[in-house]
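Engineer: Below are the chains, spelled out letter by letter.
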Amino acid sequence: MAGPLSLEAIADLVGGRLVGEGALIIDGVAPVDEAEPSRIGFLAARRYVKYAADSQAGAFLVSTELETALPDAASRVVVEDAYPALRALLEHFHPEPGWHPTIHPTAVLGREVELGAGVDVGPYAVLESGVRVGDGCRIGAHCVIGQGTTIGARTRLHPHVVTYHDTVIGADVVVHSGTRLGADGFGYTFMDGRHAKIPQVGRCVIEDGVEIGANAAIDRGSLGDTRVGTGTKIDNLVHLAHNVRIGAMSLVAAMVGVAGSTRIGKGVWLGGQAGVRNQVEIGDGARVAVQAGVTRDVPAGETVSGFPARPHREALVKEANVGRIPRLLERIRRLEADVKRLGEEG
Amino acid sequence: MAGPLSLEAIADLVGGRLVGEGALIIDGVAPVDEAEPSRIGFLAARRYVKYAADSQAGAFLVSTELETALPDAASRVVVEDAYPALRALLEHFHPEPGWHPTIHPTAVLGREVELGAGVDVGPYAVLESGVRVGDGCRIGAHCVIGQGTTIGARTRLHPHVVTYHDTVIGADVVVHSGTRLGADGFGYTFMDGRHAKIPQVGRCVIEDGVEIGANAAIDRGSLGDTRVGTGTKIDNLVHLAHNVRIGAMSLVAAMVGVAGSTRIGKGVWLGGQAGVRNQVEIGDGARVAVQAGVTRDVPAGETVSGFPARPHREALVKEANVGRIPRLLERIRRLEADVKRLGEEG
Amino acid sequence: MAGPLSLEAIADLVGGRLVGEGALIIDGVAPVDEAEPSRIGFLAARRYVKYAADSQAGAFLVSTELETALPDAASRVVVEDAYPALRALLEHFHPEPGWHPTIHPTAVLGREVELGAGVDVGPYAVLESGVRVGDGCRIGAHCVIGQGTTIGARTRLHPHVVTYHDTVIGADVVVHSGTRLGADGFGYTFMDGRHAKIPQVGRCVIEDGVEIGANAAIDRGSLGDTRVGTGTKIDNLVHLAHNVRIGAMSLVAAMVGVAGSTRIGKGVWLGGQAGVRNQVEIGDGARVAVQAGVTRDVPAGETVSGFPARPHREALVKEANVGRIPRLLERIRRLEADVKRLGEEG
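Protein chains in written order, with the numbering used here: chain H, 1082 to 1427; chain E, 1082 to 1427; chain W, 1082 to 1427.
Hints should not be assumed to be uniformly reliable.
Straight-line distance between alpha carbons at most 16 Å, and here's what the computed EDC-like set of lysine to aspartate or glutamate pairs gives [said to hold, decoys possible]:
| no. | chain 1 | residue 1 | chain 2 | residue 2 |
| --- | --- | --- | --- | --- |
| 1 | W | Lys1421 | E | Glu1426 |
| 2 | H | Lys1278 | E | Asp1253 |
| 3 | E | Lys1131 | E | Glu1146 |
| 4 | W | Lys1131 | W | Glu1161 |
| 5 | H | Lys1278 | E | Glu1395 |
| 6 | E | Lys1278 | W | Asp1289 |
| 7 | H | Lys1278 | E | Asp1289 |
| 8 | H | Lys1399 | E | Glu1172 |
| 9 | H | Lys1421 | E | Asp1419 |
| 10 | E | Lys1278 | W | Glu1172 |
| 11 | H | Lys1131 | H | Asp1108 |
| 12 | W | Lys1347 | W | Asp1365 |
| 13 | E | Lys1131 | E | Asp1153 |
| 14 | E | Lys1421 | W | Glu1417 |
| 15 | H | Lys1421 | E | Glu1417 |
| 16 | E | Lys1131 | H | Glu1146 |
| 17 | E | Lys1278 | W | Asp1365 |
| 18 | E | Lys1347 | E | Asp1378 |
| 19 | E | Lys1421 | H | Glu1417 |
| 20 | H | Lys1347 | H | Glu1383 |
| 21 | W | Lys1131 | W | Asp1108 |
| 22 | W | Lys1131 | W | Glu1146 |
| 23 | H | Lys1399 | W | Asp1306 |
| 24 | W | Lys1131 | E | Glu1362 |
| 25 | W | Lys1278 | H | Asp1289 |
| 26 | E | Lys1131 | E | Glu1148 |
| 27 | E | Lys1347 | E | Glu1362 |
| 28 | W | Lys1421 | H | Glu1417 |
| 29 | H | Lys1421 | W | Glu1426 |
| 30 | W | Lys1421 | E | Asp1419 |
| 31 | W | Lys1278 | H | Glu1172 |
| 32 | H | Lys1421 | W | Asp1419 |
Just so you know, the hints here were simulated from the structure itself, not pulled from any lab data.
If you're wondering where the values come from, they're calculated on a predicted model, not measured in any experiment.
Chain H on its own, in the form it takes in the complex:
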């Protein structure tokens, strides 16, 4: 399955239009500026067009939009949308390596741990009492799975993931290395001259098909649960505080922080390093620009940017207005001169 393909077979595989030498044999995909002659160069962003002329690639996988950027003679497969095509090719050339499910002899399993069929548990993993793991899961080396945690089928935890007690993880979830699920929320009340901790008794619930990057931290709920919806993808070093709820199919870029009890809809996009304060609501399909700081509700479908985050078109207007100040100053100077002259003439 992972062997070389003719360019014609590639066109078939990705449903693309073949131009040029269909018999050419291709053994992998590469960026246009790094491709060797046996590779198909991937060109889907205008920024990389400049590398096309000097590319050593034997052929190109190119989006319709960028086809004309290629040398006329270049053999190519042209597709409407380049990324699904790339995905299909990569799945061919880099099939997931097989694995033989093993419970490593150093794994520590607590009382009443239930493991489904075909579960793999890595060296030094610790599964505390009452943990249940679905069929076909892989628990990486050094993971510590807290008491009563449940994990759905085919989920993969990379090495060094920690879940606190009673965390709920769905099926087909991927959690990358160093991510912590279900730690206590940041909840205190000031009494007797100190910040007294409010017990954090909710859970952290990760629904099916979610992927979470490395070194993220998603806290358990204080009262009630923290919840990440089906199919939502979260990048590295993200912080979701207690009782945050994110709907399905949202995208949360790296280093985003969401404060307590905030509710985020479905299909929302949060740009890198964006922040959202506590107890706000972000509607379905909203987009929050990179580094934006959301301090109040965002309606469904709105795009916001800046701090405090406002509709992006307002930010552009504001920016333009500030840019007008030097010209305003000049007009005022002229007016002052005119008025002075008029006064003297009068």
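Given the structure of chain H, go ahead and fit chains E and W onto it with the hints provided.
Structural biologist: Here is chains E and W on its own, set in the frame of chain H:
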């Protein structure tokens, strides 16, 4: 102790005013919008008032301020300050589970490690030589405690905490999973064409009663120590650089970054994703807004926001001024027309 | 080598000018405000001048620029550049402790692991199949080194570092605790109503002499590699996305985030919490201010700040312009009064 309580007993426990059915039996606390009839719904934020009318909660724990938002017939316990009351109820319904102190047989203890009475050490924890652990501490699975580290009584390190050599942790401290204490500061000097590392020989000192969230990083001092004061609480993914000093009872929200040698007073609040540059001083009781970037000293009691951070009232004035630009433009246009007319008339 | 030194010997060691009592015996370096009489106080920042008069330090290591801030009678060693001198002194007083290379019996070594001479592997470290480790490396406790990873000579991985498969780490690299190298990039394409994962098949390559702080995350490439250049230093909690390339001798401060495929030159400085969007290019020697958000290319040597990041001098001009608004308003009011008067007089 964790059993159901009558509403009357709840009013007694939290020192609140009982309205309605005192004999009602309650078995837990829940958010108003998720509460079942056997639960007392917690209502302390105006934002959740909208869920009160349809709530299934058998009764409510409500702040004086929001009492009128409840249906007239709702049984309730009314308190001035809802969070201490919530804390008391949660401590009743969710008592800390007991634990039997054990040194897990897989723990690796170096030479001259001293463990106090009733210490629990989890699977695969590594305590290097000379580590001293106070009475009643819990060292989680996979923690690596560097040479010469000392830990005060009743401190809890959750799984996967790492301390570098000679770290000092006080009593009653909680450190969440994945936090690193005492790593080298970011100290280099450019010589011979490269960034040469300056040895980082100070310590990382965490005083009594501090809590630190997950995946934080608090570096050791370069010369002298990095120090977090008594009772200060720090959220997830916070970075404190070498030689930072924070006073007692401060609150540091998630993803805050503080650069080298900065000194922060007592009772300071740093909002989420705020940053503070190196070598500045922030006075007691100051407040730094979320995402603010502090580049110069902040006096005691001041509230600052924005980048570069300025007193918040100045930011509001500036914002208002920018908002005036379109109106200024209009007034200038009218003036120009008037002056033109006057010139023609004259 | 670590013993006390006379002040004269210190002057010799750092190539400085001796003023005062050369026979004074010094046993360590300390900050001016914490130094005891047997210590040399380090004074290199104007901010600490205020502590000089009351310092208990027996003598001072001071930069030429700040010499006059010292009491006249203070014994001192004066140097042009204080940090290389500090480095030399610290290397004398705090020599790197020796270590006896050991493969801890709990380390798990996969098939065909190759270890060079004098390699140290800590407790519970896991080296998967095909890992190659160069001479004199130290692999900390609990590290998990993914299949096929190669590590150059004298590199040190602190406890709890994870590398994914096929990561490449050069010689003389230092990686601090909790850092993850080579996790999957955040690459999806929306198809069939969900975010479908694009296989991430590139590598994460860390060149010689790099140092990376704690809890950072540097993803593998999607197509092609992510690469950090020789001698570049990276602080805590930094995120580098798939296919980011950073040149040699750059400095990346804490909490910086760089999105996918961005290319950063040599000798670049990225300030704390700065962000860079995907697919931009930052030229050699550029400087990105703390918290700046880079959204388009930055030319070599430029300094940018703010969001969206612009040349810093433009930001200053803009700031000054906004500051002029109240004065503009006043001038408009006067003009309006004048014009009204002129109209009435006319």
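Engineer: With reference to the structure, classify each hint as holding or not holding.
Structural biologist: Evaluation of the provided hints:
no.	hint	result
1	W:Lys1421 - E:Glu1426	holds (14 Å)
2	H:Lys1278 - E:Asp1253	holds (12 Å)
3	E:Lys1131 - E:Glu1146	holds (15 Å)
4	W:Lys1131 - W:Glu1161	violated (21 Å)
5	H:Lys1278 - E:Glu1395	violated (35 Å)
6	E:Lys1278 - W:Asp1289	holds (14 Å)
7	H:Lys1278 - E:Asp1289	holds (14 Å)
8	H:Lys1399 - E:Glu1172	violated (50 Å)
9	H:Lys1421 - E:Asp1419	holds (14 Å)
10	E:Lys1278 - W:Glu1172	holds (10 Å)
11	H:Lys1131 - H:Asp1108	violated (24 Å)
12	W:Lys1347 - W:Asp1365	holds (5 Å)
13	E:Lys1131 - E:Asp1153	holds (15 Å)
14	E:Lys1421 - W:Glu1417	holds (13 Å)
15	H:Lys1421 - E:Glu1417	holds (13 Å)
16	E:Lys1131 - H:Glu1146	violated (50 Å)
17	E:Lys1278 - W:Asp1365	violated (22 Å)
18	E:Lys1347 - E:Asp1378	holds (15 Å)
19	E:Lys1421 - H:Glu1417	holds (12 Å)
20	H:Lys1347 - H:Glu1383	holds (13 Å)
21	W:Lys1131 - W:Asp1108	violated (24 Å)
22	W:Lys1131 - W:Glu1146	holds (15 Å)
23	H:Lys1399 - W:Asp1306	violated (40 Å)
24	W:Lys1131 - E:Glu1362	holds (14 Å)
25	W:Lys1278 - H:Asp1289	holds (14 Å)
26	E:Lys1131 - E:Glu1148	holds (13 Å)
27	E:Lys1347 - E:Glu1362	holds (12 Å)
28	W:Lys1421 - H:Glu1417	holds (13 Å)
29	H:Lys1421 - W:Glu1426	holds (14 Å)
30	W:Lys1421 - E:Asp1419	holds (9 Å)
31	W:Lys1278 - H:Glu1172	holds (10 Å)
32	H:Lys1421 - W:Asp1419	holds (9 Å)
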